[in-house]
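Asks: Quick mapping for you: the protein sequence lines, in order, are chains B and R.
Residue 358 in the working numbering sits at position 358 of the first sequence, and the numbers go up by one each step.
Residue 625 in the working numbering sits at position 263 of the second sequence, and the numbers go up by one each step.
Fair warning: there could be bad hints in the mix.
To be verified - Here are some of the chain R residues that sit facing chain B, going by a computed Cβ distance under 8 Å:
1) N495
2) L498
3) P578
Claimed, not checked - In the DSS-like style, the derived pairs of lysine-lysine whose C-alpha atoms are separated by at most 27 Å in a straight line are:
4) K350/B with K417/R
5) K75/B with K117/B
6) K276/B with K350/B
7) K542/R with K529/R
8) K417/R with K191/B
9) K35/B with K65/B
By construction, these hints were calculated from the structure, which means they are not laboratory data.
Where is the CB? At the ideal position from N, CA and C, for every residue including glycine.
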Amino acid sequence: MSSPVRGAAAEAPIKVGHYASLTGKDASFGIVSRKGILLAVEEINAAGGLLGRPVEYLVEDIQSKAGESATAVKKLLSRDKVVAVLGGNPSSNSLEAAPLCQRAGIPMMAISSTSPKVTAVGDCIFRICFIDPFQGAVLGRFARESLHARRLALLTPMTPYGVGLAAELRKKFTALGGELVAEQKYAEGDKDFKAQLTALRASQPDVIAVPGYYTEAALICRQARELGLTSIFIGGDGWEAPQLTALGGPAVEDTYYSTGFSADNSAPAVREFVRKYRHRWDDEEPDSTAALGYDAMMLYADAIRRAGTTDRVALRAALAATKDFAGVTGRITIDGERNATKSAVMMRVKAGRMEFVETVDP
Amino acid sequence: MSEFLQQLLNGLSLGAIYALIALGYTMVYGVLRFINFAHSDVFMVGAFLGYYLGKFIPENTVGGGLLILLGAMLGCAVLGMTIERLAYRPLRGAATLNVLITAIGVSLLLEYSGQVFFGATPRTFPAVFPSANFTLGGLVISSNQVVVIVVTALLMVGLQFIVYRTKIGTAMRAVSLNPKAAQLVGVNNDIVISFTFGLGSALAGAGGILYALNYPSIDPLMGVMPGLKAFVAAVLGGIGNIPGAALGGLLLGTVETFVNGSQWSTYKDAIAFAILIIILLFRPAGLLGKASVEKV
Chain B
1 MSSPVRGAAA EAPIKVGHYA SLTGKDASFG IVSRKGILLA VEEINAAGGL
51 LGRPVEYLVE DIQSKAGESA TAVKKLLSRD KVVAVLGGNP SSNSLEAAPL
101 CQRAGIPMMA ISSTSPKVTA VGDCIFRICF IDPFQGAVLG RFARESLHAR
151 RLALLTPMTP YGVGLAAELR KKFTALGGEL VAEQKYAEGD KDFKAQLTAL
201 RASQPDVIAV PGYYTEAALI CRQARELGLT SIFIGGDGWE APQLTALGGP
251 AVEDTYYSTG FSADNSAPAV REFVRKYRHR WDDEEPDSTA ALGYDAMMLY
301 ADAIRRAGTT DRVALRAALA ATKDFAGVTG RITIDGERNA TKSAVMMRVK
351 AGRMEFVETV DP
Chain R
363 MSEFLQQLLN GLSLGAIYAL IALGYTMVYG VLRFINFAHS DVFMVGAFLG
413 YYLGKFIPEN TVGGGLLILL GAMLGCAVLG MTIERLAYRP LRGAATLNVL
463 ITAIGVSLLL EYSGQVFFGA TPRTFPAVFP SANFTLGGLV ISSNQVVVIV
513 VTALLMVGLQ FIVYRTKIGT AMRAVSLNPK AAQLVGVNND IVISFTFGLG
563 SALAGAGGIL YALNYPSIDP LMGVMPGLKA FVAAVLGGIG NIPGAALGGL
613 LLGTVETFVN GSQWSTYKDA IAFAILIIIL LFRPAGLLGK ASVEKV
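If we strip away everything but chain B, and leave its shape as in the complex, we get:
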């Protein structure tokens, strides 16, 4: 059954594992992060691989289900023996997978999990995106200073991501002199929000923040307009998906969200990445999750080159020492908590498209 081996292929490939929802309600994040990572892997291999070895990319679909992240990562670690793990998207997925990577001593790079708890799991857990405190603070500042809101209401999903973001948003908004007038909660997967929105309507907020994901956010905006609510809706990077406008239609017009990347950014590195991505993926425009996936893989490649080996201890040390890595989502420095320090951008939905509003620095 063995096939003849020759040249560079004789070198065993460097295996990197990725766990993501390629199906189910979070699929849009998983699919684009896969596209971003794959673009990076192909680029690395076309340039001769890493340390003379090709990179092999393995992906496990966690189907947007609780519990699947742990199973998928167990498979990647014990069956496939990967040297590095990429993922996940929602913080809840990363929190499931992180203890397993930490125990195995294999580095994990969370792609868009913004809860501070993720990297607190241990010294092998890193992240490429910004964290909730920062994103929450950005939203709080934006609501208070750019939208001039005085009265804020929160509609928080009961997820680590939502709760973490809401706490920081509230803190920043009230510190800047605003008032939190009401808070309501919902469970992920809920479809009826009219009860909560009716309760919020009574407190007449200027801005309603929904720190959840796009499916719920779009349904919330629709139902809010049906109830005659005219407040401005804002959210975090969980909103970023084409489904937001497909599902929300006119109801999500003039809503705002924060994210790590905008394809409208005119920086040359971003322009080049957008061109390559569009070329590879049928003219699709990359969003921040795609860019973060690309950056995560490129950062691993950079760390492996700097370490000169795929040994887990050396690789971990090289990742932790990352300083001013030029990624497409900004200059990335890994701090003492293994979080990436970088800038955020605010986006607005206008005529069914996402447009760039402003950049906010940490």
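Starting from the known structure of chain B, fit chain R onto it as the hints suggest.
Replies: Only chain R this time, still in chain B's reference frame:
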């Protein structure tokens, strides 16, 4: 006050959908004494039929909307009768447990075939009816809420008429009372049971369209939660009893909405189900059900 009325309206429109699905559970139970767990998935298929029909029929017109509603009801009726013919009829006369387990099997089959054929990614349901909002004092009423409540009320009246005023309805009640005796007096049980499934599934199809109209993100597992709630509503009202299913659905929808609008929204299912347990403690046969002794 206006907040209370608004929540009541929200609750009634949610409850009306639960009621519509609960009617299907209760009818099949009334005639065959078993819970058709595949009912909630027929509901899902109804929504998807509407989604695909929406591609051929112009959106945003009352006529087109009604056409989609009828098409989905018809499709679901055929599906329900097929399921009965292929999965349940061969087991007629077998222990109830066997049929119950088959029903769970059919439910899983529909859910996961749905993932294969429709894909697991949520789809956006088209706006099949024109929508508008009306303001009445502090009360905002959306046309979708009105459509849900009106369609549910009409279907319920129609159902009551079929069961109590037509020949086939009389036959249904006869089969429910005593299938052997019904057969002896010349009722064709197969046709009656097939009709019951068709009717119940048509209601599920209508429920699917109305649900998707209000919550326009549809996926193959969308039936699970509303199906469970509707089942609870049917038990709450007294399973086998048609007005009971309606009452149970409205009650459950209203309680859920009021809890959702309060500080305890994350406990909404816990509170709704606790109320169910308390009611069943005092009225084991449900609100409108008649207590009967099961003959073993």
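Asks: Next, verify each hint and record whether it holds.
Replies: So, going through the hints one by one against the coordinates:
Because the beta carbon of N495/R sits about 6 Å from the nearest beta carbon in chain B, less than 8 Å, this interface hint is met. The closest approach between the C-beta of L498/R and any C-beta of chain B is roughly 11 Å, which is over the 8 Å cut-off, so the hint fails. Because the smallest distance between the Cβ of P578/R and any Cβ of chain B comes to about 7 Å, under 8 Å, the interface hint for this residue holds. Straight-line distance between C-alpha atoms of K350/B and K417/R comes to about 26 Å, which keeps the hinted pair within the 27 Å bound.
The hinted pair formed by K75/B and K117/B meets the criterion: a straight-line CA distance of about 24 Å does not exceed 27 Å. At roughly 26 Å between alpha-carbon atoms, K276/B and K350/B fall within 27 Å of each other, so this suggested pair holds. For a cut-off of 27 Å, the pair hint linking K542/R to K529/R stands: about 18 Å separates their Cα positions. With a C-alpha separation of about 24 Å, the suggested pairing of K417/R with K191/B holds against the 27 Å cut-off.
With a C-alpha separation of about 21 Å, the suggested pairing of K35/B with K65/B holds against the 27 Å cut-off.
When held up to the earlier numbered hints, the structure conflicts with hint 2 and nothing else.
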